[in-house]
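Residue numbers (our numbering), protein chains in the order written: chain A, 1 to 630; chain B, 1 to 145; chain C, 1 to 211.
Watch out, some of these pointers could steer you wrong.
[Claimed, not checked] Cut-off 20 Å, straight-line C-alpha distance, at most; resulting in silico cross-link-like pairs (EDC-like, lysine to aspartate or glutamate): (1) B:Lys22 x C:Asp131; (2) B:Lys22 x C:Glu197; (3) C:Lys80 x A:Glu183; (4) A:Lys600 x A:Asp572; (5) C:Lys85 x A:Glu183; (6) A:Lys366 x A:Glu431; (7) B:Lys115 x B:Asp55; (8) C:Lys80 x A:Asp394; (9) B:Lys6 x A:Glu553; (10) A:Lys416 x C:Glu158; (11) C:Lys85 x A:Asp394; (12) B:Lys115 x C:Asp128; (13) B:Lys89 x A:Asp437; (14) A:Lys600 x A:Asp576; (15) B:Lys57 x C:Glu138; (16) B:Lys57 x B:Asp26.
Hint data in this document are derived by calculation from the structure and do not stem from the laboratory.
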Amino acid sequence: MTLLDIHEPGQTPLPHAGEAAPAVGIDLGTTNSVVAVSREGNPEALRDDHGAALVPSVVYYGTDGHVEVGRAAQARLADEPDRIASSIKRLMGRGAADVTALGGVRADVVEPGSGETDMVRLRIGARALTPVEISADILRALRGRAEAALGRTVDRAVVTVPAYFDDAARTATRDAARLAGLEVLRLVNEPTAAALAYGLDKAVEGIYAVYDLGGGTFDFSLLRLESGVFQVLATGGDAALGGDDFDHALAEQALAERTARGEPGTATAGDAKIALMAARLAKEALSDAVQTRLGITLSGTTSVHAVDRESFEQLIAPLVDRTIEICARVLADAGLEPEDVRGVVLVGGSTRVPLVRRRVAGLFGKPPLADIDPDEVVALGAALQAEALTVGSDTLLLDVTPLSLGIETMGGIVEKVIPRNTPIPVSLAQEFTTYQDGQAAMALHVVQGEREMAEDCRSLARFELHGIPPMAAGAARIRVAFTVDADGLLTVSAEEKTTGVTQRVEVKPTYGISEEDMARMLYDSLEHAQSDMEGRLLVEARVEARRLLLALEGALATDADLLTRDERTDLDGAVDRLRAMIGATDRDAISAAAQALEEKSKLFAERRMDRGIRSALAGLSLDQLESKVG
Amino acid sequence: MAYSEKLLDHYENPRNIGSLDKDAEDVGTGLVGAPACGDVMKLQIKVSADGLIEDAKFKTFGCGSAIASSSLVTEWVKGKTLEEAGTIKNTDIARHLALPPVKIHCSVLAEDAIKAAIADFRAKAEKKQAQDVESKTDERIAAAE
Amino acid sequence: MTLSGTAATACKTAATCWSCGAATDLAPFCGACGVVQPPGQSDHFARLGLEPRFDVDLQGLDRRYFELQRQLHPDRFARKSPREKAISQQQAAALNEAYEVLKTPLRRARYLARQLGVDLPDEGRTIDDPDLLMEAMEKREALAAASGPQAIEVLAREAAAERAALLQNLSPLFAAVDRRGVRAAILRLAYLDKFAEEARARRFNAGTASR
Numbered sequence: 001m002t003l004l005d006i007h008e009p010g011q012t013p014l015p016h017a018g019e020a021a022p023a024v025g026i027d028l029g030t031t032n033s034v035v036a037v038s039r040e041g042n043p044e045a046l047r048d049d050h051g052a053a054l055v056p057s058v059v060y061y062g063t064d065g066h067v068e069v070g071r072a073a074q075a076r077l078a079d080e081p082d083r084i085a086s087s088i089k090r091l092m093g094r095g096a097a098d099v100t101a102l103g104g105v106r107a108d109v110v111e112p113g114s115g116e117t118d119m120v121r122l123r124i125g126a127r128a129l130t131p132v133e134i135s136a137d138i139l140r141a142l143r144g145r146a147e148a149a150l151g152r153t154v155d156r157a158v159v160t161v162p163a164y165f166d167d168a169a170r171t172a173t174r175d176a177a178r179l180a181g182l183e184v185l186r187l188v189n190e191p192t193a194a195a196l197a198y199g200l201d202k203a204v205e206g207i208y209a210v211y212d213l214g215g216g217t218f219d220f221s222l223l224r225l226e227s228g229v230f231q232v233l234a235t236g237g238d239a240a241l242g243g244d245d246f247d248h249a250l251a252e253q254a255l256a257e258r259t260a261r262g263e264p265g266t267a268t269a270g271d272a273k274i275a276l277m278a279a280r281l282a283k284e285a286l287s288d289a290v291q292t293r294l295g296i297t298l299s300g301t302t303s304v305h306a307v308d309r310e311s312f313e314q315l316i317a318p319l320v321d322r323t324i325e326i327c328a329r330v331l332a333d334a335g336l337e338p339e340d341v342r343g344v345v346l347v348g349g350s351t352r353v354p355l356v357r358r359r360v361a362g363l364f365g366k367p368p369l370a371d372i373d374p375d376e377v378v379a380l381g382a383a384l385q386a387e388a389l390t391v392g393s394d395t396l397l398l399d400v401t402p403l404s405l406g407i408e409t410m411g412g413i414v415e416k417v418i419p420r421n422t423p424i425p426v427s428l429a430q431e432f433t434t435y436q437d438g439q440a441a442m443a444l445h446v447v448q449g450e451r452e453m454a455e456d457c458r459s460l461a462r463f464e465l466h467g468i469p470p471m472a473a474g475a476a477r478i479r480v481a482f483t484v485d486a487d488g489l490l491t492v493s494a495e496e497k498t499t500g501v502t503q504r505v506e507v508k509p510t511y512g513i514s515e516e517d518m519a520r521m522l523y524d525s526l527e528h529a530q531s532d533m534e535g536r537l538l539v540e541a542r543v544e545a546r547r548l549l550l551a552l553e554g555a556l557a558t559d560a561d562l563l564t565r566d567e568r569t570d571l572d573g574a575v576d577r578l579r580a581m582i583g584a585t586d587r588d589a590i591s592a593a594a595q596a597l598e599e600k601s602k603l604f605a606e607r608r609m610d611r612g613i614r615s616a617l618a619g620l621s622l623d624q625l626e627s628k629v630g
Numbered sequence: 001m002a003y004s005e006k007l008l009d010h011y012e013n014p015r016n017i018g019s020l021d022k023d024a025e026d027v028g029t030g031l032v033g034a035p036a037c038g039d040v041m042k043l044q045i046k047v048s049a050d051g052l053i054e055d056a057k058f059k060t061f062g063c064g065s066a067i068a069s070s071s072l073v074t075e076w077v078k079g080k081t082l083e084e085a086g087t088i089k090n091t092d093i094a095r096h097l098a099l100p101p102v103k104i105h106c107s108v109l110a111e112d113a114i115k116a117a118i119a120d121f122r123a124k125a126e127k128k129q130a131q132d133v134e135s136k137t138d139e140r141i142a143a144a145e
Numbered sequence: 001m002t003l004s005g006t007a008a009t010a011c012k013t014a015a016t017c018w019s020c021g022a023a024t025d026l027a028p029f030c031g032a033c034g035v036v037q038p039p040g041q042s043d044h045f046a047r048l049g050l051e052p053r054f055d056v057d058l059q060g061l062d063r064r065y066f067e068l069q070r071q072l073h074p075d076r077f078a079r080k081s082p083r084e085k086a087i088s089q090q091q092a093a094a095l096n097e098a099y100e101v102l103k104t105p106l107r108r109a110r111y112l113a114r115q116l117g118v119d120l121p122d123e124g125r126t127i128d129d130p131d132l133l134m135e136a137m138e139k140r141e142a143l144a145a146a147s148g149p150q151a152i153e154v155l156a157r158e159a160a161a162e163r164a165a166l167l168q169n170l171s172p173l174f175a176a177v178d179r180r181g182v183r184a185a186i187l188r189l190a191y192l193d194k195f196a197e198e199a200r201a202r203r204f205n206a207g208t209a210s211r
């Protein structure tokens, strides 16, 4: 294969193995995920052999430890629902208690053991997995797809998150990428990424709104676009509202009908997943049809439920209303009226629901824009940003904090330190003091949210400052600095200002993964690596095969005349055999076909080398030739 | 870090919200405001003939701590003499409600409000006394004529 | 979220470039080697290249802000050393702070007033303007009593008109260094801004309830 890789100095007609691979953009969605890459400002979603860009965010964990992601995992839902993890994004950065509050019974949630952080774990087969580990499996699959498509190792990515994701969920996303062997160049907010994909080729100016209703999250952002700058003016959303809730509503209705008819209901978490999947299919059908049928098979009994669009819309109207209320609040935050918005971009698969489109059009008094596939637009924007960060770009994203950050003080009241919609990066400090004479320690509780009382906000971390020298109440000056970086991630530091006493900081991340857990997970992923390794070898074989095909294609484009007709036919035959094999899952067969092709192309490669040397030497004087050789 | 039950209670179930007739002779009104955040607080007392505060009302547009502070003060002053009510200190309010350091200014505002209400009542009373003296003199002059 | 102990605070306004040692003139980049420099304690107006006065051309402010963020935002430093990345974050944060203060009239007025030595009352003391207090109380009571979105809208418009007039008046007060006038106007502006915020919240709630 290396034999084919000869070309003139300074000319690189083909991707080169030694060259740094492009960074990719990843939309890690609740229902579907997409990976994309951008070259010279042209983003493109990477597809599988069937041309599908969407990878269902579904993971199957086999009894033998092997892992499947996407359509293959989805296909196992009916037979082995208990070994499937789906809609995992809704659980990112959440505690077990939050999950119960999300509604719906989740039989697969594992109670946290003592000493563990409160991060939720799901029981899948014999394993208890965190959402971070499951998301990492999805990211590994996306990485594999990118490597197969690009023919190179991919280890850097821009990953998108809902704008309304809190710090814990952002951190969880970054940890998942790390676990999947990806360096996160930047976490970009999904609506901002979508705006980037829309704004670039159209050179639009003015205020635009992005309405992003995905499977599990809702975001609404207002941006000002001006000469390549994407300035987010305000953002808002609900990290637990999406198309999944439409499915829930439909499924619950159908299940109620079943029980009324005396048919068996859902007994297990797996049954619930089957009912939800049926509801989803019905919902999707209702985007085009005015009525459809919803079929559920549980415990061997199949029931069929007629649903029409009108009753479906009545069912989901309160949920859609909630998104419209959020839009109104964000407009008020930005001090804008709906008329000020020049265009509304629709993002997320759930914006295909006709009621959603009607309500958005109604609020803004104009039809929304949906000319880029709402399922792919976020990944395309992420790919553009990945290119901007690694290669360079004229565009600039200026984003904001979605939620206020504050500290719980005595009495349970939140003192806001950084208000929502503050441009990031941001660094702000606030001074706190002691409230008792001789107080030597101070507990600080960092929260995120808009409510007055800490118990109504999201808990991010608790830490204690020790070694405050004995002073009268109110005399100590403790400066607590909050920094939110361009990823929207928070760092807190604290110092006591009146003395030089060193502070000790204790951290108990409320829903985070500790470094030890991270190390264990990395270790586990090696333990379970048998299947991973097999998958990885398969990917590598495919990568190698594609690289060979590409190289040969390039060589034939310039030097096909070096081959006789028979030789060419022979070579083409080997090419076809390899192409046919590449989509298969048999690694050895792919490698064998690749080896056969390499063998067949050897003669061609040698002839090219001769020609290459001749042309390199042509036109050189003897002196030059000597110095070249010497 | 325990929540302050008292603070929550006064925040969620504020006592004595409302207004008294600010022009009435037996009513004193204190009106104060925070310069930084735009909070306003009105605290009114109704004083009986024997100098006891028989009723108190407040109206506060501001944060939870400001509402709780003013609510607490109206509770405390009822049945007290003006002198007793005048000794209420913001530190007492802050301690009772377990106010956080950053919200101490709310208790200061409440202290200022009760002081202002007492001062207003006293000013009215003095004015009335002066008027009474004046009108009695007038009567005497009229009688003499 | 990560936590660090006593923060390594940014270097004081360094007179020399941390990278090449050449003298710097507080510019964001070293004139000699072109490496980004820590933000230092610059005045907000100076940071955005503006004259320190109350009248600010908001379009010009935006333009200048975008121009500087294009050079200083961490996205521009993705391929640079960790130290440069960290400094760019400090620079971008300092720029954001300056922009936010100058963009918002009340914050800009307070910032400028402090520079002029105006004695602005801190938290914890009541303001000493009985007329303003009476007015603020009455308006807030009227807002609380307003029954529908229309009634709220009328009150909000009145307050917005008063605010616009007040802002118009602030410029000459600042120009004449009328400290008492500036102080009174800033106190009033704080109340009008708070009123506007409450009116927005009320209007939003009324709108939600009517749906």
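* In ascending order, which of the hints set out earlier in this document are inconsistent with the structure? -> Numbers 2, 6, 9 and 10, in rising order.
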